[in-house]
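Starting from the structure of chain A, add chain B where the hints point.
Protein chains: 2
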Amino acid sequence: MTAPVQDAIVLLGDSLTQGGWEAHGFAQRLACESAYVRKFDVINRGFSGYNTEWTIPVFEQCLARRNEQSSAQKIRLLTIWYGANDATLPGFRQHIPLEKFGANLTRLVNMVRDPSSEWFSSETKLFLITPPPFNVHQWVAGTNSAGVPHERDRDFKVTAEYAQKVREVGASEKIPVVDVWRALWNIAGQTERGLTKYLSDGLHLTGEGYSVGTKQLSNILRDLLTRNPFVFKVVYEELIGAIKEYTPELYYENLQEVFVK
Amino acid sequence: MTAPVQDAIVLLGDSLTQGGWEAHGFAQRLACESAYVRKFDVINRGFSGYNTEWTIPVFEQCLARRNEQSSAQKIRLLTIWYGANDATLPGFRQHIPLEKFGANLTRLVNMVRDPSSEWFSSETKLFLITPPPFNVHQWVAGTNSAGVPHERDRDFKVTAEYAQKVREVGASEKIPVVDVWRALWNIAGQTERGLTKYLSDGLHLTGEGYSVGTKQLSNILRDLLTRNPFVFKVVYEELIGAIKEYTPELYYENLQEVFVK
Numbered sequence: 001m002t003a004p005v006q007d008a009i010v011l012l013g014d015s016l017t018q019g020g021w022e023a024h025g026f027a028q029r030l031a032c033e034s035a036y037v038r039k040f041d042v043i044n045r046g047f048s049g050y051n052t053e054w055t056i057p058v059f060e061q062c063l064a065r066r067n068e069q070s071s072a073q074k075i076r077l078l079t080i081w082y083g084a085n086d087a088t089l090p091g092f093r094q095h096i097p098l099e100k101f102g103a104n105l106t107r108l109v110n111m112v113r114d115p116s117s118e119w120f121s122s123e124t125k126l127f128l129i130t131p132p133p134f135n136v137h138q139w140v141a142g143t144n145s146a147g148v149p150h151e152r153d154r155d156f157k158v159t160a161e162y163a164q165k166v167r168e169v170g171a172s173e174k175i176p177v178v179d180v181w182r183a184l185w186n187i188a189g190q191t192e193r194g195l196t197k198y199l200s201d202g203l204h205l206t207g208e209g210y211s212v213g214t215k216q217l218s219n220i221l222r223d224l225l226t227r228n229p230f231v232f233k234v235v236y237e238e239l240i241g242a243i244k245e246y247t248p249e250l251y252y253e254n255l256q257e258v259f260v261k
Numbered sequence: 001m002t003a004p005v006q007d008a009i010v011l012l013g014d015s016l017t018q019g020g021w022e023a024h025g026f027a028q029r030l031a032c033e034s035a036y037v038r039k040f041d042v043i044n045r046g047f048s049g050y051n052t053e054w055t056i057p058v059f060e061q062c063l064a065r066r067n068e069q070s071s072a073q074k075i076r077l078l079t080i081w082y083g084a085n086d087a088t089l090p091g092f093r094q095h096i097p098l099e100k101f102g103a104n105l106t107r108l109v110n111m112v113r114d115p116s117s118e119w120f121s122s123e124t125k126l127f128l129i130t131p132p133p134f135n136v137h138q139w140v141a142g143t144n145s146a147g148v149p150h151e152r153d154r155d156f157k158v159t160a161e162y163a164q165k166v167r168e169v170g171a172s173e174k175i176p177v178v179d180v181w182r183a184l185w186n187i188a189g190q191t192e193r194g195l196t197k198y199l200s201d202g203l204h205l206t207g208e209g210y211s212v213g214t215k216q217l218s219n220i221l222r223d224l225l226t227r228n229p230f231v232f233k234v235v236y237e238e239l240i241g242a243i244k245e246y247t248p249e250l251y252y253e254n255l256q257e258v259f260v261k
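Protein sequence lines, in the order shown, are assigned to chains A and B.
Sequential numbering of the first sequence, starting at 1, is according to UniProt numbering.
Sequential numbering of the second sequence, starting at 1, is according to UniProt numbering.
There may be inaccurate statements among the hints.
It does not matter which identical chain is used: a pair holds within one copy or between any two.
Stated by the list, open to error - For lysine to aspartate or glutamate, the following DMTMM-like pairs were computed, each having C-alpha atoms within a straight-line distance of at most 25 Å:
1. Lys100 x Glu192
2. Lys74 x Glu257
3. Lys74 x Glu192
4. Lys74 x Glu151
5. Lys100 x Glu245
6. Lys125 x Glu192
7. Lys39 x Glu53
8. Lys74 x Glu118
9. Lys74 x Glu60
Simulated from the structure, these hints should not be mistaken for laboratory data.
In isolation and in its complexed conformation, chain A is listed as follows (with noise of 0.2 Å):
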């Protein structure tokens, strides 16, 4: 059994996160030589298919309890990265609506901030990841691994809504943001074909195979993360700067090898 030798990165969301550890991932990136090996580990908690409100539950196990903490590996850092599948169309299975979404991103937030949470953690810092623009365009275009054209079940402009409300709840709760809709947008030249260009593999696993089962989805998401890492390079760049800009105390240099020779 282990001990809580290392503090941990912690790294909770859907797809986007799930797919982390895929070569050049943002998990990946940041557990390896050149940032937080032998300093922290990296534990992936991405769920893909999840939503805001199917996480609750499921992150509440994932955090010990007020009197399981003594001997529980202490989170240092913990990124929150949702909307893609909230952001789903009313009538949609995955479906929440928007402010249901910030609400539940507020609760998810106070789960380790709130001193009176049963999963209170003073020493976790916290980041909020934006979901990255939908290619509304692209995405009704294609089909999913059963050949089956996708439902329009997202819009762009309803996720750049969910976007805002992930800056809204960062503003209110005072937690930085990794903005990687407006990195991503931007970097596009802010059009949807400047989008496309760069996301056309990428960007797909905002919503890609979504109904399909998660074996497959699991094939797609390693098939294109292959292709085009570009989307976790973006989020590794944007969440190591607002690491180092917002809590330099854990930015990979300034700290020391939890064991050194």
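Chain B only, in chain A's frame:
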């Protein structure tokens, strides 16, 4: 603080293990979508520069003691990969005599396997990994990052003896051995020239940089692994093959995701 919702794969070793989080490294490949994501966490306990002797007191800290185990994360699979540093020649700092190396490996094994050990875990399956072949000709022709020629501090035949010792410990302790030494040697056509060809970059990580600082070493390793992930490919394929053969209940296809929807 984390709760132990997922069991763990723990990778114990030297720089060969520490580098496992690089893109296409064996830790990354174990962790990702096509293997253990949402099934087991992968925990890297690779310590570059370490031999078995220095590892023992560190590994003791990495494991939960009997009275801490009720709330600790289960280690379902433990790889122990040493020899590359222990095989340093007598007179050099990292040298561990061959018999002592075998005894140390056995001690590491029994820390989790011996029911009287305070770190005993009945549910942990172990795998030993042999060090890769050492290419002495390439080594002495090179320099470290400070431009200083490498000392002849290791030897092909000596490292081969340490690989053999790993096999012997595996046989006597009835633990599967992931024979990276033999796999690479066979792929290289069982010639040192062939070895040079296949390991022109990757083999260096067996020994390179042990006289330089950790930061420099990290840079070297990253660079080498980016250019040549060959060693890791072999390690991953050999390890997954061994898991499938010896502990099929731990093969990823035979595991359910912890949280499904």
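**OP:** Tell me, in ascending order, the numbers of any earlier hints that this structure violates.
**Re:** 1, 3, 4, 5 and 6
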